[in-house]
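Q: Here is how the chains run, residue by residue.
There are 2 protein chains.
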Amino acid sequence: MSLERASFMQACLELAQIPDHGLLPNPRVGAIIVYQSKIIAEGFHRGPGTPHAEIAAIRNAEKKGFRKFSQSDLYVNLEPCCHLNKRTPPCAPQLIEKAFKNIFIAHLDPHPLVRGNGRDQLRKSGIKVSVGLLNEAAQDLNQAFIKNQTRSETYITMKLALSFDGKMANDSGQSQWITSEASRSFVHQLRNQTTAIGVGSRTIEIDDPRLSIRLRQKSEKFSKLVIFGRPKDLKSKKVWKVFGPGRIIIWDEKIEKLPRRLYEDHGIYQLLVEGGPKLASSLLLKGLADELHLFYGRGFIGGKGRFSLGRDWTLKSLADSVSFQPQSAGLIGPDLYANGRLNVYRYHPKNR
Amino acid sequence: MSLERASFMQACLELAQIPDHGLLPNPRVGAIIVYQSKIIAEGFHRGPGTPHAEIAAIRNAEKKGFRKFSQSDLYVNLEPCCHLNKRTPPCAPQLIEKAFKNIFIAHLDPHPLVRGNGRDQLRKSGIKVSVGLLNEAAQDLNQAFIKNQTRSETYITMKLALSFDGKMANDSGQSQWITSEASRSFVHQLRNQTTAIGVGSRTIEIDDPRLSIRLRQKSEKFSKLVIFGRPKDLKSKKVWKVFGPGRIIIWDEKIEKLPRRLYEDHGIYQLLVEGGPKLASSLLLKGLADELHLFYGRGFIGGKGRFSLGRDWTLKSLADSVSFQPQSAGLIGPDLYANGRLNVYRYHPKNR
Chain S
1 MSLERASFMQ ACLELAQIPD HGLLPNPRVG AIIVYQSKII AEGFHRGPGT PHAEIAAIRN
61 AEKKGFRKFS QSDLYVNLEP CCHLNKRTPP CAPQLIEKAF KNIFIAHLDP HPLVRGNGRD
121 QLRKSGIKVS VGLLNEAAQD LNQAFIKNQT RSETYITMKL ALSFDGKMAN DSGQSQWITS
181 EASRSFVHQL RNQTTAIGVG SRTIEIDDPR LSIRLRQKSE KFSKLVIFGR PKDLKSKKVW
241 KVFGPGRIII WDEKIEKLPR RLYEDHGIYQ LLVEGGPKLA SSLLLKGLAD ELHLFYGRGF
301 IGGKGRFSLG RDWTLKSLAD SVSFQPQSAG LIGPDLYANG RLNVYRYHPK NR
Chain C
1 MSLERASFMQ ACLELAQIPD HGLLPNPRVG AIIVYQSKII AEGFHRGPGT PHAEIAAIRN
61 AEKKGFRKFS QSDLYVNLEP CCHLNKRTPP CAPQLIEKAF KNIFIAHLDP HPLVRGNGRD
121 QLRKSGIKVS VGLLNEAAQD LNQAFIKNQT RSETYITMKL ALSFDGKMAN DSGQSQWITS
181 EASRSFVHQL RNQTTAIGVG SRTIEIDDPR LSIRLRQKSE KFSKLVIFGR PKDLKSKKVW
241 KVFGPGRIII WDEKIEKLPR RLYEDHGIYQ LLVEGGPKLA SSLLLKGLAD ELHLFYGRGF
301 IGGKGRFSLG RDWTLKSLAD SVSFQPQSAG LIGPDLYANG RLNVYRYHPK NR
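If you're matching them up, the sequences are chains S and C in order.
For the first sequence, the working numbering begins at 1 and goes up steadily by one.
For the second sequence, the working numbering begins at 1 and goes up steadily by one.
Hints in this document: simulated from the structure, not taken from any laboratory.
Which copy is meant is left open, because identical chains are indistinguishable; a pair holds if it fits in one copy or across any two.
Within a straight-line C-alpha distance of at most 25 Å, the following computed BS3-like cross-link-like pairs (lysine-lysine) qualify:
| id | residue 1 | residue 2 |
| --- | --- | --- |
| 1 | Lys316 | Lys304 |
| 2 | Lys286 | Lys224 |
| 3 | Lys235 | Lys278 |
The model shown is predicted, which means the values in this text are computed figures rather than measured ones.
Okay, chain S solo, but in the shape it has when bound:
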């Protein structure tokens, strides 16, 4: 693998990560145009209805008066699209018009209407297309999108706030606040990435949270809310005012059906679960949580652990536990933070 090429693709991955809000149902994509080993222009996708990364990069190049596309290479972390089933025109024809010399793609688009068709269109026009550069890193960036496209299921992220000894509340149920203001502020960033938020009905009844997203100004931009179990007297609760009837989903079916039903019936691409120990334990044990954001704070609170994870699990051996390996970790304010995936989604057809 050429180091120069890898560093150009790395630049695409970094561009793709610029938006601080979620882009779903669209993927995160960055693109750069390289002429004589120099980056001429960059582009990235800002969300549904806005130009795709490749087109943004072309426009940026043209603004600078650049015209030598046919002597340039284009790097992009996702296969250029070729279908008309969306608000923006397909990218492949526009790249063909510019007649790029080489196009480097990290991985093929798992979208049912693309899946190699974009690559094939480009190749037929005479452009040299190479697929596979930083493939895994690029797929890591778009796990929710890949799960959506390949399985028609909602990507489920879970936030857990625990004391350092692993309790979600003390024995009398007090959980405000185990983690610091700094961590809770970071949770608002996580909320800003997701399509919907999920909580247990007990949380609604006892804590009566707003579950708003500080980073979003208008109520129209709020996510949907999934409440697990049926809370009594929902209409007196703050979430009723914030979300309103149309955006609250009461979930009291089998938990296994969650990813498919939320996706197909409710158009939820990503769900951030901020539930209590029962809900969290169930999602963990059944392998339904795809990604974890773990916060340890406060200290050691002791007690019998009434509100700790997996109280009703009866795993016989350590080997039966739900494995977890964080991929990144650090301090957020006074708290310990870790992020990692429990499930990994890959789209690996003939990639070349």
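Chain S is fixed; fit chain C onto it per the hints.
A: Using the frame of chain S, we list chain C on its own:
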């Protein structure tokens, strides 16, 4: 505070941290000699019986043929010593002989025979002495030494290996292995820093560990072992072979007496506790643990939490919990790691 001076003192702190083994009862010290804003020579202390950092730096300067000490500044993170009650000659007279222009010291030596006397000797000779540069960072480096000298107590470090849901073993008592080989290998580095290791008698009975230090070759260099509670049939256990009778201390007194008695009666400067949940909970709740090394590994093991921390605590409110804020964090292999202090020791007489 001059940035240049701070960076020279920072260099001392980094030198002080070079030895990968513990130096107790001696402190970690680094020294540099600066002539015309350039570092001429460096030195650091390697442990009892070896030259102090200042003397090591002077020797390194002389090896290079450097002689202009009277036009040079010396930086050292601890006050130069002036007492004869040890294996090496005192430093202050040797610095006076070299007639340094300025000596910058991070903090005074809390050793009862120094405590400002070194500084005073130097000043009387006409050397300009400044105390206080990076004082706090320098004291952070020598917490065990400062606790020893100011309180005549053992510094107690605790290692905790927990599942991500905070259990030290599953309900049937299985704890091998919650953390990975990478973390366990790091624990051998921690063992290499300490004077003694402490475990509960249950650990000796059930796990029958060697509690050796892989990084040390010879058995003479092994630490002492403190066993909490009286294990049955100790002589058949591996630790009996590794440590032998003279180096095993059976602790069955009140836990509050631990830091003073271990220091005064047994000459233990630092104790690394690798105990089970009962011992760990007791040291935490009573404020006896000074520093924590926390490892989260394996995943979520669930159950009733028979082997979790603070089972018998009955704290009424979250505000009563044992507060903990890690100072550093990261990944060790697949595990989450955090390190932090529960107690902070400072020596702050008139520092100037």
